[in-house]
Amino acid sequence: MKPYLRIVLAVALFVVPILTRVVTFYQAPFYKAEVSRPDFASFKLPEPPTPSSRPEALAALPGEGKVVIIDASHGNQYVPNEIEPLVTALSARGGRAEFDMGGLPLSSHLKYASAYIIFSPSLPYSGEELRAIHQFVKSGGRLLVFADPTRSLLSYDSYTGATVILPDVNYANPVLAPYGLSFVNDYLYNLEENEGNFRNVKFVDFADSPLTAGLKMVVFYGVHSVQTTSGSFLARSDGDTFSSLTDRRGPFAPLALSENGQVLAAGDFSFLTNPFSQVADNGVLLGTIADFAVGSERAPSLVNFPYLFSRPTSLITVGDVQLDASLLGPIATLQNALNLVNIPLSLRAKAVDGSDVLILGTLQDQDAISDYTRPFGITLNDEATTLEIKGVGKVSAEDSGLLLFSKGPKSNRLVLIAPTTRMLPELVGLVAGGDLSACVVQENIGICSLTPVEEEDEYSYEDYNFEYDFDTPSSTPAP
Amino acid sequence: MDETKPEEKWVQTRNGLLWLALPLVLGLLVAALIPQPVIGVISLVDAIYGDSAQSVIWQIDYARQHSEVRAVVLVLDSPGGTVVHTEAVYLELLKLRESKPVVVSIEGMAASGAYYLTAGSDYAFAKPTSMVGNIGVVGVLPDSPSIFENIISTGPYKLWGSPRDTYMRQIEIIKQAFYEVVKTGRGDRLVAEADVVLSGQIWPASVAYQFGLIDELGSQSDAVEKAARLARVSNYKVIDLYSVATAQSPAGSAVGKGFFAESAEGVTLPYPKEAGIYLLYIPPALVEQK
Numbered sequence: 012m013k014p015y016l017r018i019v020l021a022v023a024l025f026v027v028p029i030l031t032r033v034v035t036f037y038q039a040p041f042y043k044a045e046v047s048r049p050d051f052a053s054f055k056l057p058e059p060p061t062p063s064s065r066p067e068a069l070a071a072l073p074g075e076g077k078v079v080i081i082d083a084s085h086g087n088q089y090v091p092n093e094i095e096p097l098v099t100a101l102s103a104r105g106g107r108a109e110f111d112m113g114g115l116p117l118s119s120h121l122k123y124a125s126a127y128i129i130f131s132p133s134l135p136y137s138g139e140e141l142r143a144i145h146q147f148v149k150s151g152g153r154l155l156v157f158a159d160p161t162r163s164l165l166s167y168d169s170y171t172g173a174t175v176i177l178p179d180v181n182y183a184n185p186v187l188a189p190y191g192l193s194f195v196n197d198y199l200y201n202l203e204e205n206e207g208n209f210r211n212v213k214f215v216d217f218a219d220s221p222l223t224a225g226l227k228m229v230v231f232y233g234v235h236s237v238q239t240t241s242g243s244f245l246a247r248s249d250g251d252t253f254s255s256l257t258d259r260r261g262p263f264a265p266l267a268l269s270e271n272g273q274v275l276a277a278g279d280f281s282f283l284t285n286p287f288s289q290v291a292d293n294g295v296l297l298g299t300i301a302d303f304a305v306g307s308e309r310a311p312s313l314v315n316f317p318y319l320f321s322r323p324t325s326l327i328t329v330g331d332v333q334l335d336a337s338l339l340g341p342i343a344t345l346q347n348a349l350n351l352v353n354i355p356l357s358l359r360a361k362a363v364d365g366s367d368v369l370i371l372g373t374l375q376d377q378d379a380i381s382d383y384t385r386p387f388g389i390t391l392n393d394e395a396t397t398l399e400i401k402g403v404g405k406v407s408a409e410d411s412g413l414l415l416f417s418k419g420p421k422s423n424r425l426v427l428i429a430p431t432t433r434m435l436p437e438l439v440g441l442v443a444g445g446d447l448s449a450c451v452v453q454e455n456i457g458i459c460s461l462t463p464v465e466e467e468d469e470y471s472y473e474d475y476n477f478e479y480d481f482d483t484p485s486s487t488p489a490p
Numbered sequence: 403m404d405e406t407k408p409e410e411k412w413v414q415t416r417n418g419l420l421w422l423a424l425p426l427v428l429g430l431l432v433a434a435l436i437p438q439p440v441i442g443v444i445s446l447v448d449a450i451y452g453d454s455a456q457s458v459i460w461q462i463d464y465a466r467q468h469s470e471v472r473a474v475v476l477v478l479d480s481p482g483g484t485v486v487h488t489e490a491v492y493l494e495l496l497k498l499r500e501s502k503p504v505v506v507s508i509e510g511m512a513a514s515g516a517y518y519l520t521a522g523s524d525y526a527f528a529k530p531t532s533m534v535g536n537i538g539v540v541g542v543l544p545d546s547p548s549i550f551e552n553i554i555s556t557g558p559y560k561l562w563g564s565p566r567d568t569y570m571r572q573i574e575i576i577k578q579a580f581y582e583v584v585k586t587g588r589g590d591r592l593v594a595e596a597d598v599v600l601s602g603q604i605w606p607a608s609v610a611y612q613f614g615l616i617d618e619l620g621s622q623s624d625a626v627e628k629a630a631r632l633a634r635v636s637n638y639k640v641i642d643l644y645s646v647a648t649a650q651s652p653a654g655s656a657v658g659k660g661f662f663a664e665s666a667e668g669v670t671l672p673y674p675k676e677a678g679i680y681l682l683y684i685p686p687a688l689v690e691q692k
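From first to last, the protein sequence lines are chains X and V.
According to our numbering, the residues represented by the first sequence are 12 to 490, in order.
According to our numbering, the residues represented by the second sequence are 403 to 692, in order.
Derived by calculation from the structure, the hints in this document are not laboratory data.
Owing to the predicted nature of the structure, the values given are computational and were not obtained by experimental measurement.
Just so it is clear, CB atoms sit at the ideal spot from N, CA and C, and this is done for glycine as well.
Errors might be hidden in some of the hints.
What the hints assert, rightly or not - Some chain X residues close to chain V (C-beta under 10 angstroms, calculated; not the full set):
hint : residue
1    : Val26
2    : Pro59
3    : Ile458
To be verified - Keeping only pairs whose Cα atoms sit at most 20 angstroms apart, straight-line, the calculated SDA-like set for lysine to any residue is:
hint : chain 1 : residue 1 : chain 2 : residue 2
4    : V       : Lys639    : X       : Val34
5    : V       : Lys639    : X       : Phe36
6    : V       : Lys585    : X       : Ala362
7    : X       : Lys43     : V       : Glu627
8    : X       : Lys421    : X       : Ala362
9    : X       : Lys213    : V       : Thr568
10   : V       : Lys639    : X       : Val33
11   : V       : Lys639    : X       : Ser255
12   : V       : Lys577    : X       : Phe36
Unchecked claim - Cβ-Cβ distance ranges computed for the label pairs, FRET-style:
hint : chain 1 : residue 1 : chain 2 : residue 2 : range
13   : V       : Val542    : X       : Thr240    : 35 to 43 angstroms
14   : V       : Val542    : X       : Ser53     : 57 to 65 angstroms
15   : X       : Phe41     : V       : Leu422    : 29 to 37 angstroms
16   : X       : Gly419    : V       : Pro565    : 46 to 54 angstroms
17   : X       : Asp251    : V       : Ser548    : 50 to 58 angstroms
18   : V       : Val413    : X       : Lys43     : 19 to 27 angstroms
19   : V       : Val542    : X       : Asp251    : 26 to 34 angstroms
Given these sequences and hints, build the entire structure.
The structure is reproduced here in structure tokens:
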């Protein structure tokens, strides 16, 4: 064999097993393209919207003396500290917030309230409470109901171990139902344009309303959508906002006002809390909500005593009424009742300008009281035995007291008229006690049943203060 | 007449054999040095956290350093886990993919952080009813900062890490990164819109396939074959890299412990025992309880 053939053969014999193995295992070289990777350093923290400038100090106190009742008796899912910005805003307007802890019937609180605020309840409202709220709104009070999808209550079934979510809308919706408002058991979200998280939804489309005055952007931090059959939406979401209930695009509304303008439904209240109240125009909305709460022009009603007055009050007697001992006692009680609601009561010879007035009189001096009874269409017959009340009919003048209330732009006036001076203390006592259950109240006129008292001269001192005449045995009886 | 002497004949024959046999033997010896290709299998059947992530990283490192490992099949059955450990495994996977293909085979679930890893692969298989997705981040906001009589710290967030609001935004940035990982990894194969991907839903693989979140419905052996095809090898052997890579590592025996909370009765619960930020799927009933 020629040498070169030997070399070729040797090389071939060397290479063949190698190639065989390579071909057996490796079909072709593995060429890998460059692996792209995300630029992790390029991501930026989303910045919160710039807060609007803080509202200037209010020149006037539009809510001076107004009381806002905040529900704390229905398992409400908040702590007072959270709503401090709202309480502060109410105070800045001269209003005052009171928490209803449930010790007294709701109606007794609503008597004097400008607004009633409910946050995320987790207990139902009784029929009596719903009626009281309805009556309150009907008389001009304002109702503000806030729900919040992050405040649902969880219930555990101890038998099955299952968890049941009890959303606040279950308990808030019956309160809102009479006003054509309701919360949807959902939350809104926006994956495209949000405030740091998909559930923090920005709203820039607002209806024209005092509640939305000055708003350019409001952010809600977990918000139910609100529906209304007769009211109006105050804000609407954009087309990229979804409802968790359907996962469908909006627009959806987070705020709505009832048709009568007295009831506000808001699907979130995190925006009222710190630090969220300082984002975008949330603080402005907080202010307009506070304005709304203290802005009710509620017509005071006789049944709301002692909350008929909103200013320092002058007590004036007319006719033959004298401030004797029997009358001063009930007046003192009346003064205390008014003091409890920060209304000072002063005895005056005549009304002071800018004060409310409480007038005491009797039917015995018709000339003195006629100025007060005439506007109510009340006349007394010649024998002074029967009162003719326009729209009511004839009423016995011998055992009936009258309460006449009139509200004026500068002064409210309550006139108490008893048949006699002897019966006046009882009438004042009824009013001071705040219990008018013995009175028929019709609009601004109250007719109270009083106990007839005989004239003093028909009784001797002994009739009231007789002394028992015990026989003192002079000695042991003789057997 | 052949006048060659027998000694010369023997020399010729010997030389001829040497010229034939020696190259052949040498060729055979050299051929024997060419290793049989290996498809390495790395299993992550656990949450992604310190120990489990470290175990996977060791296996990835082994695959990268051993040339016979020509491709890797990452078998996933995981609800995800911590952000940083998911990222750690993901970055190692990317590095491995520069030299070897990585194919994912989803068993029961590749949720959240486990899908993050899926997006970092070359190709992904799943069973038709494997659960895939839950793309997003979950975390518990820290408490509002406060101070305590007997604890002294040097700044308002020394005890709390960050303000609640900042924490929320940090979670958002992690979400953005997650979406970028999905977009980058899936490329043109991703057909679902961002709002669908980021909805956080978990889908059966048959639906995830339609969204382009995985490449094919198939078994683990399909994944192995695909890995071999991508690596262009045949007659390969399949090796579980856990046994070779972590046999001598202390982390090997720690997998499966330490991440999930436990009930008072010692039952492991499917949510983490520590508050933090996670790429984790937590079953709905348990979310409610938490």
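Hint check:
1. Here the hint on Val26/X is kept, as its CB sits about 6 angstroms from the closest CB of chain V, short of 10 angstroms.
2. A cut of 10 angstroms between beta carbons decides the hint on Pro59/X: the least distance to chain V is about 7 angstroms, and the hint holds.
3. Evaluation of the Ile458/X hint against chain V yields a violated restraint, the C-beta minimum of about 57 angstroms exceeding 10 angstroms.
4. The straight-line distance between the Cα atoms of Lys639/V and Val34/X is roughly 16 angstroms, inside the 20 angstroms bound, and the hint therefore holds.
5. With a CA separation close to 10 angstroms, the supplied pair Lys639/V and Phe36/X stays within the 20 angstroms bound.
6. Distance restraint check for Lys585/V and Ala362/X: the Cα-Cα separation of roughly 80 angstroms exceeds the 20 angstroms cut-off, and the hinted pair is therefore not satisfied.
7. For the hint linking Lys43/X to Glu627/V, the alpha-carbon distance of about 18 angstroms falls within 20 angstroms, and the restraint holds.
8. A hinted pair counts as satisfied when its Cα atoms are at most 20 angstroms apart, and Lys421/X with Ala362/X qualifies at roughly 12 angstroms.
9. For the given pair, Lys213/X sits about 18 angstroms from Thr568/V by alpha-carbon distance, which is consistent with the 20 angstroms threshold.
10. Taken as a hint, the Lys639/V and Val33/X pair is honoured in the structure, with Cα atoms around 15 angstroms apart against an allowance of 20 angstroms.
11. Proposed proximity of Lys639/V and Ser255/X is contradicted: the alpha carbons are some 50 angstroms apart, above 20 angstroms.
12. Restraint check for Lys577/V and Phe36/X: not satisfied, since their Cα atoms lie roughly 43 angstroms apart, outside the 20 angstroms limit.
13. Between Val542/V and Thr240/X the C-beta distance comes to about 39 angstroms, which sits within the given range of 35 to 43 angstroms.
14. Taken as a hint, the range 57 to 65 angstroms is violated for the pair Val542/V and Ser53/X, whose Cβ atoms sit roughly 27 angstroms apart.
15. Distance hint check: the CB atoms of Phe41/X and Leu422/V are about 34 angstroms apart, consistent with the given range 29 to 37 angstroms.
16. Here the CB-CB span from Gly419/X to Pro565/V is close to 53 angstroms, well matched to the stated 46 to 54 angstroms.
17. Against the hinted window of 50 to 58 angstroms, the Cβ-Cβ separation of Asp251/X and Ser548/V comes to about 37 angstroms, which falls outside the hint.
18. Range check, Val413/V to Lys43/X: Cβ separation about 53 angstroms, and the 19 to 27 angstroms hint is violated.
19. Remark: the range hint 26 to 34 angstroms for Val542/V to Asp251/X is upheld by a beta-carbon distance near 27 angstroms.
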